[in-house]
Each structure stands twice: as structure tokens, then as C-alpha cells.
Amino acid sequence: MNLFKRSGLVVALLLASGQAWSAEVQVAVAANFSKPLEVLATAFKASSGHELNMSAGASGKLYAQIENGAPFEVFLSADSKTPQKLVEAQLAVAESQFTYALGKLVLWSSTQDYIDPQGEVLKKQEFKHLAIANPQTAPYGAAAVEALDHLGLKKSLESKLVQGENISQTYDFVSTGNAELGFVAWSQVAQEGVLKAGSVWQIPEDLYTPIQQDAVLLLKGKDNKAAQAFLDFLKTPQAQQLITKAGYGLAKPH
Amino acid sequence: MLGAEDWTAIFLSLKLAGLTTVLLLLIAIPLAWHLAQTQGWWKTPLNALVALPLVLPPTVLGFYLLILLGPKGWIGQMMQAVGLETLPFSFNGLLLASMLYSLPFVVQPIQAVFSSFDKRLLEAAMTLGAHPLDAFLTVVLPLSKQGFLTATVLGFAHTIGEFGVVLMIGGNISGETRVVSVQLYNHVEAMNYQAAHGLAALLVLFSFAVLLSLYYLNRGK
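In order, the protein sequence lines correspond to chains A and B. First residue of the first sequence: 25, per this note's numbering; consecutive thereafter. First residue of the second sequence: 1463, per this note's numbering; consecutive thereafter.
Extracted from the complex, chain A is given alone in its bound form (with noise of 0.2 Å):
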């Protein structure tokens, strides 16, 4: 009983000196892969015992908060220009570069069958506003205004224009109603490839230029293993499938 009791002691000494070896990594995550995270996250920690604790916002705000000395360690940005900037900044691991996902713009109403499949809800122009992210900030408002370009509705739409802040206060405008659509990422109105509630429609990818979500070690990161695993963890078959769930799609291997 006695030894029993002991070489339970140990068991739980070594758990607890085995715990003290899994490690956190800070993530600073665009806004619209903040849900695909956490569910990544938990699949990380039961893979590898490594915490994760992330900040979402807009990829530029997040940017300028590295920029500033943010105690981020991996930044998983909306685009590919941003994560580009820190390297040459010298804020990023150069070679630590790559692609985890390519996201995929829509235009979204929370009403059902307001936005037809083709989209000529755009031309009609019957609402009062239509909500995007901030083109200036968010890949995804930039994204939009090029869809609007090339749709030659830039002009006519201007006044009736909307910005969120980021991508999940476009999101939160549409939802709530206060704008009768607006363009947000179909990760953030799909689950399993499926359109949650409302109406789509899938923008045609001639209409912008691919956005191509970049993640990048962060120089304050370097020397965390974890760090290292979770960007090694991303490239994984699991978390892959992970990410095409949640509705982006995967960059063509080299």
C-alpha cells in the first residue's frame, strides 16, 4: 500500500516535470482566422502540450503593435505584404515564410435569399449600406474595393459605403442588420463548407487578387520551440484539413 502510494508520488512527479516542458507561443492572428485558431489550437495543445494564447485584430493594427514591440511570437497575418514588411523590418525570421491558407471573399446578407447567385443585388442598388472591411487596414477591404473595381460599381457604391475597423466589425454590421450586406470572408459564414444562415455569393476569384494569408516566425519567437512547432504543426495533413473546413482554400505546394 505504502509503495503503492509512493510510486504514485512519482507518477505524478514526473507529469508534473513533463508539463514543465510543454511551453506558450503568443499568436497574433488576422481578425478573420481568429475562430480557425482556436480550433487549431486546441488540436495543437493535444498534439504537442503547447499552450497557445492569441490577439486577433486587423493586420496592419497588429503590425504596428510588432512593430512597437507586441510580445508576439508567430503572426499569422490576412495577407502576404504585411509579414513581407517585418522581414525586410527585420522583425521576422525570413525562411519562416509560408502560406497556410488562402482566403476566399464573399459577398453576405444575414437576410435568406436577399443575395442572389449571381450577385446582381450589387447593381440594383437597393440598400442603404453596404459593408466592408477597411481597405486601408484589412486585405479583405482591399480586396472588396478591387471586386467593386473590376465591377465598375466603385463610383455609384462610394456613399454607400460602410467600414469596419476589421473584418469581424464588417462581420457584426451585417449581422446585427445595420447593414443589409457587406463583404466578409466565407470562413466567417461557413461551417464544413456549408453557408451558415442568410445568403452568398462566392466571389468570382477573377475579381481580386488571391488573398494569400502568410504566417511568419517573429524574431521575439526564435528561440521558443513552441513556436517553432506550432508554424511546423500548421503544415501538418491534421491541421490542413483543419483549415480547408473552416472554409479557405490550401496554396499549391511548390
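There's no promise every hint is true.
[To be verified] Taking lysine to aspartate or glutamate and the EDC-like style, the derived pairs with C-alpha atoms no more than 16 Å apart in a straight line are:
| hint | chain 1 | residue 1 | chain 2 | residue 2 |
| --- | --- | --- | --- | --- |
| 1 | A | Lys259 | A | Glu119 |
| 2 | A | Lys128 | A | Glu229 |
| 3 | A | Lys249 | A | Glu75 |
| 4 | A | Lys184 | A | Glu150 |
| 5 | A | Lys128 | A | Asp230 |
| 6 | A | Lys152 | B | Glu1547 |
| 7 | A | Lys184 | B | Glu1547 |
| 8 | A | Lys59 | A | Glu216 |
| 9 | A | Lys152 | B | Glu1638 |
| 10 | A | Lys220 | A | Asp247 |
| 11 | B | Lys1534 | B | Glu1547 |
| 12 | A | Lys244 | A | Glu48 |
| 13 | A | Lys249 | A | Glu62 |
| 14 | A | Lys184 | B | Glu1638 |
| 15 | B | Lys1534 | A | Asp196 |
Since the hints were derived computationally from the structure, they do not count as laboratory data.
Starting from the structure of chain A, add chain B where the hints point.
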């Protein structure tokens, strides 16, 4: 240093703060008088209610306004039922939000002078035949000048500094909801630090001048 968009934002902020202050003064005078005079059980809860925006995060206010004023909220639905436009993303929406947000800054200084007002003066005026409203306008108001000045300055300045609520219900529309604090935020977000510096410095100067004049005004007391 400041671009055309910056000036649009500055004028918008001035217009918003000016209108908010005038409207709030109109509401605050009867409200503050009531709070200073009443002995009813509702005095304390009402005081707490008026002070609520002092401690509430602006995001709480912004969130409720976005939900309630939108086409799916009951206020928004009522407004639509009587043929009015819904308020989010509009100047009028910001005006309503600012009035809630700056309410305690206008009510409390006025309430303070009303509370310390010597009631016998009012009674004397009425014994001399003045109508109560007349007595209020000619006796109470002139003697409460200090409180009004403080209320006006604080209400105006506090509205100029409003940010969180506007960010949540404004939609960043030039000339309509893009006030100076939001414009500054946009500059920072877009990494136009040069432009951000101009506006930020202006706001620092403005706030300092406001407080300075307030302290000078109150020194004479």
C-alpha cells in the same frame, strides 16, 4: 501638415461636440434641478444612472446602441415603423450616443451649484411677486454661472475625445461619422505616423487649453 480629410474630421468633431453640448444643457438644467431638490426615493438611483457613463466602458454603450438602434433592435424597428431612418452609421446616431456618453459631465457640475443654492433667495423673489419660472430664470441661473461654464467646457471637451462608441456604431464615413479621434486611429492603423502626429498634437493642445481655461475660470471663485 493636416490634409483635407483631417480638416473634415476636425469640423465634424466640432459640430458634434457643439450640438451635443447645447442639447445636453437643455436636458441637464431641469434634470439637475430636480436631482438637487427632490427628496424622493428615486434620487439615489437616478444619480447613479446619470453617473453610469462615467464608469461604463464606451464599448458597452456602443454594443447596446448597435443592437438596439439597428433594424433588428426594438428602437430601430420603432423608428422604421414611423418612417425614420435607423441611427447607426449616421451623424444623428453619433449625436444620440454622445449625449448619453457625456451626460454626467454636463449634469453633475450644474447639479453641484444647484445643490448649494440658497433657497431663501428664491423664496424672497417669489414673495416679491415673481413667477416661479421667472424667479428661476432671473435668480437661480445667473447665480449658477460657474456651474454652467464648467458643464459646457467639460461636455464639449469630453465629446471631442469620444472614440470607442463612434468606432462601434460609426462605420468610418467621411464627413458623417469619421470624427477626429477615428481619423487619428486610421492614420495610426495605416502607419501614417506623420499625419497621426499632427492630429495627436492638436488634440493634446486642445485638451490642455480647455483644462487651463477651466482652472482659470474656477480660480475666481
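So, going through the hints one by one against the coordinates:
Of the pairs offered as hints, the one joining Lys259 of chain A and Glu119 of chain A holds, with about 15 Å between alpha carbons and a cut-off of 16 Å not exceeded. For the suggested pair Lys128 of chain A and Glu229 of chain A, the alpha carbons sit about 8 Å apart, so the restraint of at most 16 Å is met. The suggested pairing of Lys249 of chain A with Glu75 of chain A holds, with an alpha-carbon distance near 12 Å, which does not exceed 16 Å. The hinted pair formed by Lys184 of chain A and Glu150 of chain A meets the criterion: a straight-line CA distance of about 10 Å does not exceed 16 Å.
Distance restraint check for Lys128 of chain A and Asp230 of chain A: the Cα-Cα separation of roughly 12 Å lies within the 16 Å cut-off, and the hinted pair is therefore satisfied. Between the alpha carbons of Lys152 of chain A and Glu1547 of chain B the distance comes to roughly 10 Å, so the proposed pair stays at or under 16 Å and holds. A threshold of 16 Å between alpha carbons decides the hint, and for Lys184 of chain A with Glu1547 of chain B the separation of about 14 Å falls inside it, so the pair holds. Taking the CA atoms of Lys59 of chain A and Glu216 of chain A, the gap is about 13 Å. The hint holds against a cut of 16 Å.
For a cut-off of 16 Å, the pair hint linking Lys152 of chain A to Glu1638 of chain B stands: about 14 Å separates their Cα positions. Among the hinted pairs, Lys220 of chain A with Asp247 of chain A is inconsistent with the structure: their alpha-carbon atoms are about 41 Å apart, more than 16 Å. About 13 Å separates the Cα atoms of Lys1534 of chain B and Glu1547 of chain B, which keeps this hinted pair within 16 Å; it holds. A threshold of 16 Å between alpha carbons decides the hint, and for Lys244 of chain A with Glu48 of chain A the separation of about 13 Å falls inside it, so the pair holds.
Taking the CA atoms of Lys249 of chain A and Glu62 of chain A, the gap is about 20 Å. The hint is violated against a cut of 16 Å. Restraint check for Lys184 of chain A and Glu1638 of chain B: satisfied, since their Cα atoms lie roughly 12 Å apart, inside the 16 Å limit. About 13 Å separates the Cα atoms of Lys1534 of chain B and Asp196 of chain A, which keeps this hinted pair within 16 Å; it holds.
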